[in-house]
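Visitor: The chain contents come next:
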Amino acid sequence: MTDNKQRNRSLIRGALSLAATAALYETVARSGFFPAVLLPTIPTVAQTLFATIADGSMIEHAAFTLYRVLFGFALAIVVGLPLGILMARFQRVESFFLPLISALMPIPSFALVPLFMLWFGIGNLTTILIVFYAATFPMVFNTWSGVRSVNPLWLRAAGAMGADENSLFWKVIIPGASPFIITGMRQAFLRSWIAVVGAEMIAASDWGLGWVIFDAKEFLNADIMLAALIVIGGIGFAFERLVFGSIERATVQRWGMSRVAKG
Amino acid sequence: MRTILPMMQDAVTIAVTGAPERPESTGSDRLRPIARNVFPFVVVGLIWEIVAWAGVFPHRLFPPLEEVALTFVRLTISGVLLHHTVETVLRLLSGFALAAVFGVTIGVLMGRSRRAEDILLPLVSIFAPIPGLAYAPLFLLWFGLGNVSAILLVGFVSSFAIIFNSWTGVKAVKEIWVRSAQSMGADDRRLFSHVILPGALPYILTGLRLGLAQAWRILVAVEMLAAVPWGLGWLIFGARKFLNTDVMLAGIVVIAIIGLALEKLVFQKIENYTVVRWGMITS
Numbered sequence: 035m036t037d038n039k040q041r042n043r044s045l046i047r048g049a050l051s052l053a054a055t056a057a058l059y060e061t062v063a064r065s066g067f068f069p070a071v072l073l074p075t076i077p078t079v080a081q082t083l084f085a086t087i088a089d090g091s092m093i094e095h096a097a098f099t100l101y102r103v104l105f106g107f108a109l110a111i112v113v114g115l116p117l118g119i120l121m122a123r124f125q126r127v128e129s130f131f132l133p134l135i136s137a138l139m140p141i142p143s144f145a146l147v148p149l150f151m152l153w154f155g156i157g158n159l160t161t162i163l164i165v166f167y168a169a170t171f172p173m174v175f176n177t178w179s180g181v182r183s184v185n186p187l188w189l190r191a192a193g194a195m196g197a198d199e200n201s202l203f204w205k206v207i208i209p210g211a212s213p214f215i216i217t218g219m220r221q222a223f224l225r226s227w228i229a230v231v232g233a234e235m236i237a238a239s240d241w242g243l244g245w246v247i248f249d250a251k252e253f254l255n256a257d258i259m260l261a262a263l264i265v266i267g268g269i270g271f272a273f274e275r276l277v278f279g280s281i282e283r284a285t286v287q288r289w290g291m292s293r294v295a296k297g
Numbered sequence: 418m419r420t421i422l423p424m425m426q427d428a429v430t431i432a433v434t435g436a437p438e439r440p441e442s443t444g445s446d447r448l449r450p451i452a453r454n455v456f457p458f459v460v461v462g463l464i465w466e467i468v469a470w471a472g473v474f475p476h477r478l479f480p481p482l483e484e485v486a487l488t489f490v491r492l493t494i495s496g497v498l499l500h501h502t503v504e505t506v507l508r509l510l511s512g513f514a515l516a517a518v519f520g521v522t523i524g525v526l527m528g529r530s531r532r533a534e535d536i537l538l539p540l541v542s543i544f545a546p547i548p549g550l551a552y553a554p555l556f557l558l559w560f561g562l563g564n565v566s567a568i569l570l571v572g573f574v575s576s577f578a579i580i581f582n583s584w585t586g587v588k589a590v591k592e593i594w595v596r597s598a599q600s601m602g603a604d605d606r607r608l609f610s611h612v613i614l615p616g617a618l619p620y621i622l623t624g625l626r627l628g629l630a631q632a633w634r635i636l637v638a639v640e641m642l643a644a645v646p647w648g649l650g651w652l653i654f655g656a657r658k659f660l661n662t663d664v665m666l667a668g669i670v671v672i673a674i675i676g677l678a679l680e681k682l683v684f685q686k687i688e689n690y691t692v693v694r695w696g697m698i699t700s
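First to last, the protein sequences are chains A and B. Under this note's numbering, the first residue of the first sequence carries the number 35, and numbering increases by one thereafter. Under this note's numbering, the first residue of the second sequence carries the number 418, and numbering increases by one thereafter.
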């Protein structure tokens, strides 16, 4: 009862706070204190957002960005997942790759954008490779620690019950490491989403949400900028909540392992 | 946690491969880990050299390592590299200081007061998921090119991780500690400084660590976009125009070293001095 009331009050306060912020922004924007091009009113931004979606340009930009992100992300999984597993299971692989990874990891992906631009030109390839670079490390690291932290008791139990290498791997190690692997995917996607926006800005190609924002700056189109910002936030949020949330529910939570992921 | 891990890993390797790998203790025992760490770099370096000398790519775009090393030494001696590095680190520290002050304050406030939480949480959760660099053009438009935008953006972007973690940390302080302190007659101020702050500190430190990592990542990109006259990001970006791949690679090496140093020297030390010494986590 009181819990419900408390939640209602929280909701009302939250809504009030959002409304107050919007109202404050609107007043500042309308006061003419700042030039209107720099601080467009909320209706203008909404109008721009709908107009660009209606004429398809925003959707095309979003499609390009998504294509780059998903391509790079898929590459990162294809490379990162096996590498992480190999590193965890073979000492030799681990001692070769771990120093390299620790040396490369602290380099921000954006620092490589100019270099990749020189090597691979401007366009899809550079952006995809930057996304790949950004997403691979969380993938490798989480897979590695996931496989390593599989409860040794399970391995021995399965071994004692006569599981061979193959079934040990597929039935024990992979499910046991899956909370970490899914966390790794989640982190990797977050990283790729950040990296793609930056890469599109710096290695300005012709399409993509990052490029829209950057290009709008040249023409002082703050409304387009804010509209693209909303789209970027929306897509990122949707992926985080809907895609990864449902993957987690379908696998880790159903297997009753989410406590392992947290601890 | 970290002390258990090697043992567990041993058990895993034994169980999985059936062959315990136990290095015999010989005289060269101390040199072996160093050699093992250096070996991968030698291999990669050799491959790089072969590709560079084979002429698969134009020499300008793929310079051999000794050229990069030479450029590195040349830039270091002339002081150019140092100037770029100092500017970048100053920018990083001022942006991060902003984020730390505001982030911890807002986070602790949100953790302590229900009202502050209700008001601030929706705002924070709307602005946090947008990639930080997406704000860059907006900041450039509002605050102009240069240092102000760069520092504000770095502060803004890195504060979210700090806010979230301080907030969680304060909420994770055990109710029983608070109550026992209160029953022993602690007033609000002492409760805060003696119970809540130390209790939330592991989380706050994690937040600061994440925030600093984020600040570092975003700063390099911002320096490319904000047209600041000095800075490592700018050094790399500017070198592209003249096809100075060696300068670029030298800059990237410095960036990697700073990133590594921030993690290993700054945060592990702070952790050892505070939370580990208080016995809140074992290293």
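None of these hints come from the bench; they were simulated from the model. Glycine included, each C-beta is placed from N, C-alpha and C at the ideal position. Be aware that a few hints might be false.
Here are some chain B residues pointing at chain A (derived, C-beta under 8 Å) [to be verified]: (1) Leu448; (2) Ile451; (3) Ala452; (4) Arg453; (5) Pro457; (6) Arg532; (7) Met601; (8) Gly602.
To give a feel for the contact side, a few chain B residues facing chain A, derived at Cβ under 10 Å [what the hints assert, rightly or not]: (9) Pro548; (10) Val590; (11) Ile613; (12) Pro615; (13) Gly668.
Once the Cα atoms are required to be at most 27 Å apart in a straight line, the calculated DSS-like pairs of lysine-lysine come out as [unchecked claim]: (14) Lys588/B with Lys39/A; (15) Lys658/B with Lys39/A; (16) Lys251/A with Lys588/B.
Visitor: Broken hints, numbered, in rising order?
Guide: Structure breaks hints 1, 2, 3, 7, 8, 10, 11, 12, 15, 16.
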